[in-house]
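Trainee: Put chain B on the given structure of chain A with help from the hints.
Protein chains: 2
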Amino acid sequence: MSTTTPLSPTARSTVRRGAKRARTDRTELYAVLDAGLVGHLGVVLGGAPVVLPTGYGRHGDTLYLHGSTGASTLRAAAAGAPVCFTVTRVDGVVYARSAMHHSMNYRCAVVHGAARLVTDPAERALGFEVLTEHLAPGSWTATRQPDRKELAATALLALDLTEASVKVRTGPPNDDERDLDAPVWAGVLPVHTVVGTPVPDRLLPEGTPVPDRVLSRRV
Amino acid sequence: MSTTTPLSPTARSTVRRGAKRARTDRTELYAVLDAGLVGHLGVVLGGAPVVLPTGYGRHGDTLYLHGSTGASTLRAAAAGAPVCFTVTRVDGVVYARSAMHHSMNYRCAVVHGAARLVTDPAERALGFEVLTEHLAPGSWTATRQPDRKELAATALLALDLTEASVKVRTGPPNDDERDLDAPVWAGVLPVHTVVGTPVPDRLLPEGTPVPDRVLSRRV
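Just so you know, the protein sequences line up as chains A and B, in that order.
Going by this note's numbering, the letters in the first sequence line up with residues 5 to 223, in that order.
Going by this note's numbering, the letters in the second sequence line up with residues 5 to 223, in that order.
Heads up, some of the hints might be wrong.
The list cannot tell twin chains apart, which means a pair is met if one copy fits it or any two copies do.
[What the hints assert, rightly or not] Cross-link-like lysine to aspartate or glutamate pairs, in silico, EDC-like; alpha carbons within 20 angstroms at most: (1) 153 - 180; (2) 153 - 167; (3) 153 - 29; (4) 153 - 210; (5) 153 - 32; (6) 153 - 181; (7) 24 - 164; (8) 153 - 164; (9) 24 - 124; (10) 24 - 180; (11) 24 - 127; (12) 153 - 205; (13) 24 - 183; (14) 24 - 65; (15) 153 - 127; (16) 24 - 95; (17) 153 - 65; (18) 153 - 179; (19) 24 - 179; (20) 153 - 38; (21) 153 - 133; (22) 24 - 185.
Just so you know, these hints were derived from the structure itself, not from any lab.
Keep in mind the model is a prediction, meaning the values are calculated, not measured.
Same shape as in the complex, but just chain A:
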């Protein structure tokens, strides 16, 4: 898909509330998805929504999602039920001069569609690589790759990025004119997601070095 392909070709993927925060550039969709660690997958089960955190990875205009073959949400999605997959990063707490203008800075991508169960062995290998590399870059080749039994126990779903929206809020509070003279601090408290010091598994042989792929991981 070209990066000029419209991002929101449908009514439900067109941002209406807070439309000034909508982004329509496909590269912004990629950026938000690539910056997330976990997404929230929504499916309808028995007429009610179920929303669960789900690992994912992006390859071009396809998202790969995985989960146990036993999970009812994954089974419903694999059967072609409509899904919604949402990735949100919080970037800051926005302090305003009035309570109701308090807000959050964030980046959010919402993808609508029907997922498909990936059965082709080559695409399954690609999908699991993409998922592993999204979570832990460099780990696919540095660790033991899946065997037949592990692959059979794991469902792989593909969700195409054909119907999506992106919403981003940045910058200061949008206070009312009437509040600007109030002696109240206003501004943004940035929120960052960072990594700490790697904690080695206690079963590792003493002195096993932490590899670059872990030391250089940023989230």
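Mentor: Chain B in isolation, oriented as in the chain A frame:
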């Protein structure tokens, strides 16, 4: 509700996949909800799920959610449609000796139910206070409180914590016995959410001090 009230009284809120990660103590539900900044609200619109990031706050066994009165998801939820509200914190990237055992450490709370539109003025005042204080502790009393017009433009939903589940993953990778001798680093890379240096609104009078409520905010 007593903290001994069962957390998962229904089939759909009983964790089946990865049941060893399920927590059934109500105080753990509170802890996960209180630690989150944003939740993901799922509703069904036209037969398809829609999942959007949503601000919230907790008061006892009630979650308050808000949004513009014009948002179709909020309207559906306010009309009594079933909703699912999920809060997830990622705590670490779990590096394993095999690709398929890579995982994430996280805390996740999933709440099912039907929300109700809050119309009682006293409960509305309480709900907006709870929402503001969840996002920005201390801001409710330190900033201008909502006027009648602001209140009218904002829907407030209440969702009771009667049907919920909590899942937590902590600790090292669960590698296969066969992989333990592999010369591959394994362990956890902790993921933290932290705040940066407050950025004052450029419209603030020079020298306006940053209040303690901002300086002491942790996320």
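Trainee: Hint by hint, note whether the structure agrees.
Mentor: Now the hints, each set against the structure:
no. : hint      : verdict
1   : 153 - 180 : between (60 angstroms within a copy, 13 angstroms between copies)
2   : 153 - 167 : neither (34 angstroms within a copy, 35 angstroms between copies)
3   : 153 - 29  : neither (41 angstroms within a copy, 35 angstroms between copies)
4   : 153 - 210 : neither (31 angstroms within a copy, 65 angstroms between copies)
5   : 153 - 32  : neither (38 angstroms within a copy, 35 angstroms between copies)
6   : 153 - 181 : between (64 angstroms within a copy, 15 angstroms between copies)
7   : 24 - 164  : neither (26 angstroms within a copy, 33 angstroms between copies)
8   : 153 - 164 : neither (27 angstroms within a copy, 42 angstroms between copies)
9   : 24 - 124  : neither (41 angstroms within a copy, 32 angstroms between copies)
10  : 24 - 180  : within (17 angstroms within a copy, 50 angstroms between copies)
11  : 24 - 127  : neither (38 angstroms within a copy, 31 angstroms between copies)
12  : 153 - 205 : neither (25 angstroms within a copy, 56 angstroms between copies)
13  : 24 - 183  : neither (22 angstroms within a copy, 52 angstroms between copies)
14  : 24 - 65   : neither (25 angstroms within a copy, 35 angstroms between copies)
15  : 153 - 127 : within (17 angstroms within a copy, 54 angstroms between copies)
16  : 24 - 95   : within (18 angstroms within a copy, 33 angstroms between copies)
17  : 153 - 65  : neither (29 angstroms within a copy, 43 angstroms between copies)
18  : 153 - 179 : between (58 angstroms within a copy, 15 angstroms between copies)
19  : 24 - 179  : within (16 angstroms within a copy, 47 angstroms between copies)
20  : 153 - 38  : neither (29 angstroms within a copy, 40 angstroms between copies)
21  : 153 - 133 : within (17 angstroms within a copy, 52 angstroms between copies)
22  : 24 - 185  : neither (26 angstroms within a copy, 55 angstroms between copies)
Hint check: violations occur at hints 2, 3, 4, 5, 7, 8, 9, 11, 12, 13, 14, 17, 20, 22; the rest are consistent with the structure.
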